[in-house]
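Number of protein chains: 2
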Amino acid sequence: MQRQAARWRGQGARVGLVPTMGGLHAGHLSLVRRARKLAGAGGKVVVSIYVNPTQFGPGEDFARYPRDLAGDARRCRQAGVDVVFAPEDREMYARGAAGASTWVVEETLSRGMEGASRPGHFRGVATVVAKLFNLVLPDVAVFGAKDYQQAAMVKRMTRDLNFPVKVAVAPTCREPDGLAMSSRNKYLEGDLRRQAVVLWQCIRQARAAVRQSARPVAAAQLKDRLKGLIGQAPAARLDYVEFFDPATLAPVSEAARGTQMALAVFVGKTRLIDNARL
Amino acid sequence: MQRQAARWRGQGARVGLVPTMGGLHAGHLSLVRRARKLAGAGGKVVVSIYVNPTQFGPGEDFARYPRDLAGDARRCRQAGVDVVFAPEDREMYARGAAGASTWVVEETLSRGMEGASRPGHFRGVATVVAKLFNLVLPDVAVFGAKDYQQAAMVKRMTRDLNFPVKVAVAPTCREPDGLAMSSRNKYLEGDLRRQAVVLWQCIRQARAAVRQSARPVAAAQLKDRLKGLIGQAPAARLDYVEFFDPATLAPVSEAARGTQMALAVFVGKTRLIDNARL
Chain A
570 MQRQAARWRG QGARVGLVPT MGGLHAGHLS LVRRARKLAG AGGKVVVSIY
620 VNPTQFGPGE DFARYPRDLA GDARRCRQAG VDVVFAPEDR EMYARGAAGA
670 STWVVEETLS RGMEGASRPG HFRGVATVVA KLFNLVLPDV AVFGAKDYQQ
720 AAMVKRMTRD LNFPVKVAVA PTCREPDGLA MSSRNKYLEG DLRRQAVVLW
770 QCIRQARAAV RQSARPVAAA QLKDRLKGLI GQAPAARLDY VEFFDPATLA
820 PVSEAARGTQ MALAVFVGKT RLIDNARL
Chain B
570 MQRQAARWRG QGARVGLVPT MGGLHAGHLS LVRRARKLAG AGGKVVVSIY
620 VNPTQFGPGE DFARYPRDLA GDARRCRQAG VDVVFAPEDR EMYARGAAGA
670 STWVVEETLS RGMEGASRPG HFRGVATVVA KLFNLVLPDV AVFGAKDYQQ
720 AAMVKRMTRD LNFPVKVAVA PTCREPDGLA MSSRNKYLEG DLRRQAVVLW
770 QCIRQARAAV RQSARPVAAA QLKDRLKGLI GQAPAARLDY VEFFDPATLA
820 PVSEAARGTQ MALAVFVGKT RLIDNARL
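Heads up: the protein sequence lines correspond to chains A and B, in order.
What the first sequence shows, in my numbering, is residues 570 to 847, in sequence order.
What the second sequence shows, in my numbering, is residues 570 to 847, in sequence order.
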């Protein structure tokens, strides 16, 4: 991969990277289109497919995470991807994931929300993204807005470490009922799929509350209302809902237009996340 | 710097980087010659000069570290260096060193010795080296063997994060009496300069002990002898002396030919380090 990337660079071709964990859906393919556009004429698009063990905590879904390399490769081919980079664990972590010795850690934006609920998660993400940047040598990398905190953290990490990479963030793709597309939606069987729409309902309700109010709305009051809404879905359990500054990710006590919200909800055993600008 | 580096890459020129904190001496210039050789015909050599605040602890010598950019630039010119990269703090740490949010940490090789005596030191080193790699985009980077643990840690970090950089280590240069060349030698006034030779005497004594013995020598016994030797220099105070495996840096209880030793000694207020293969 690195040699191929160096050759492309030597030819003056811009390289766009879409880092994924596979289980590709229409959301991923929208990132591919964005990468193609940003790489420009004569540019190359690489999709990396790697279920990175170091970003999963104990008891999380690493083992059962959807893996379908053949199907993913076919979808990439149809989307005009130039290279699918799908390394093995032993290529990415020569001493095994448990024996990894060097980490990239971002200590500000990654503290709350996903960072608080999933200790070590962002350390794994920052490290594997740094590795992928060094292996694929992209000019631009495209991340999905569904993982808002991840995208913010990756942008900060990229700038802090001076990676010569532009980080682009493409909008969340949604199912017709509003559910954000996610590889983990495959876990949702039977009625759970229907109940999963509660995340989108929370976003819509928070947006409506803020837009219908002449002045800022107390975040605590909004959270209570959303907890009530989630309580109506029998299989749903709130992990967190947060209202915060979209740039600093610092929680705000009052929500208004322009405030960012994010939430994580277990639906059955499946943990889903979503976010939106109010 | 990054644009210049990208242009060089586009032209197919190999780039050699010598990262320094300035105060350039003959040891640094030997690294430049090595970088020139490794960059090859048509290659470019960059010397970075940056006294990196994040690798100094509180109470260390950051403020008084020798700074002589004009003299260093002259020495680089005479040595045929293509670019001296001497960034300001605000360029390297946009939010200030105290506001830095992303770190590169190596957690195995950097635990003992310098890592134990100087908490946070190697985090600062690993981070600034990663930043320099991304800014200068070198094919090869040359480090000095005098900082043995640093060189080992940088090699590991480079491989772990898949930086497309070859790390070379060039031998320690010594003064006629054996003192390892170091920018910090400038601190040694009057009789302290003479006493500083005790580090080299320790290395010679340990080497002799191991080479004259038919079997391995207990590390504890060797340490005691070296403590005695250091005790004879009135201004010298041992920080640590360690015998270890040169690849893993794991301490050994018995020293033999091929064992690596390293030591840190305060001479007056100046902390000096040295190391050697026995």
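It should be emphasised that the hints constitute simulated quantities derived from the structure, not laboratory data.
Misleading hints may appear alongside valid ones.
Since the list gives no way to pick out one identical chain from another, each pair is judged satisfied if it fits inside one copy or across any two copies.
Said to hold, decoys possible - With a Cα cut of at most 20 Å, we get these calculated SDA-like pairs of lysine to any residue:
1. Lys724 / Ala663
2. Lys606 / Thr677
3. Lys735 / Ala575
4. Lys755 / Arg578
5. Lys735 / Arg643
6. Lys838 / His690
7. Lys724 / Glu660
8. Lys735 / Arg578
9. Lys724 / Asp708
10. Lys838 / Glu660
11. Lys755 / Arg643
12. Lys838 / Tyr756
13. Lys735 / Gly579
14. Lys755 / Asp658
15. Lys724 / Arg659
16. Lys735 / Arg784
17. Lys735 / Met661
18. Lys755 / Tyr619
19. Lys735 / Glu660
20. Lys838 / Pro803
21. Lys724 / Arg664
22. Lys796 / Arg643
23. Lys724 / Arg576
24. Lys606 / Gly837
25. Lys792 / Arg763
26. Lys724 / Ala666
27. Lys724 / Arg633
Consistency of the hints with the structure:
no.	hint	in the structure
1	Lys724 / Ala663	between (27 Å within a copy, 14 Å between copies)
2	Lys606 / Thr677	neither (31 Å within a copy, 42 Å between copies)
3	Lys735 / Ala575	both (18 Å within a copy, 15 Å between copies)
4	Lys755 / Arg578	neither (38 Å within a copy, 44 Å between copies)
5	Lys735 / Arg643	neither (27 Å within a copy, 36 Å between copies)
6	Lys838 / His690	within (18 Å within a copy, 43 Å between copies)
7	Lys724 / Glu660	between (25 Å within a copy, 17 Å between copies)
8	Lys735 / Arg578	both (15 Å within a copy, 18 Å between copies)
9	Lys724 / Asp708	within (14 Å within a copy, 25 Å between copies)
10	Lys838 / Glu660	neither (31 Å within a copy, 46 Å between copies)
11	Lys755 / Arg643	within (19 Å within a copy, 64 Å between copies)
12	Lys838 / Tyr756	within (9 Å within a copy, 63 Å between copies)
13	Lys735 / Gly579	both (19 Å within a copy, 19 Å between copies)
14	Lys755 / Asp658	neither (23 Å within a copy, 48 Å between copies)
15	Lys724 / Arg659	between (27 Å within a copy, 19 Å between copies)
16	Lys735 / Arg784	neither (37 Å within a copy, 58 Å between copies)
17	Lys735 / Met661	between (23 Å within a copy, 18 Å between copies)
18	Lys755 / Tyr619	within (18 Å within a copy, 51 Å between copies)
19	Lys735 / Glu660	between (25 Å within a copy, 18 Å between copies)
20	Lys838 / Pro803	within (13 Å within a copy, 68 Å between copies)
21	Lys724 / Arg664	between (28 Å within a copy, 15 Å between copies)
22	Lys796 / Arg643	neither (41 Å within a copy, 67 Å between copies)
23	Lys724 / Arg576	neither (26 Å within a copy, 24 Å between copies)
24	Lys606 / Gly837	neither (38 Å within a copy, 62 Å between copies)
25	Lys792 / Arg763	neither (22 Å within a copy, 70 Å between copies)
26	Lys724 / Ala666	between (24 Å within a copy, 19 Å between copies)
27	Lys724 / Arg633	neither (29 Å within a copy, 35 Å between copies)
Hint compliance for this structure: hints 2, 4, 5, 10, 14, 16, 22, 23, 24, 25, 27 are broken, all remaining hints hold.
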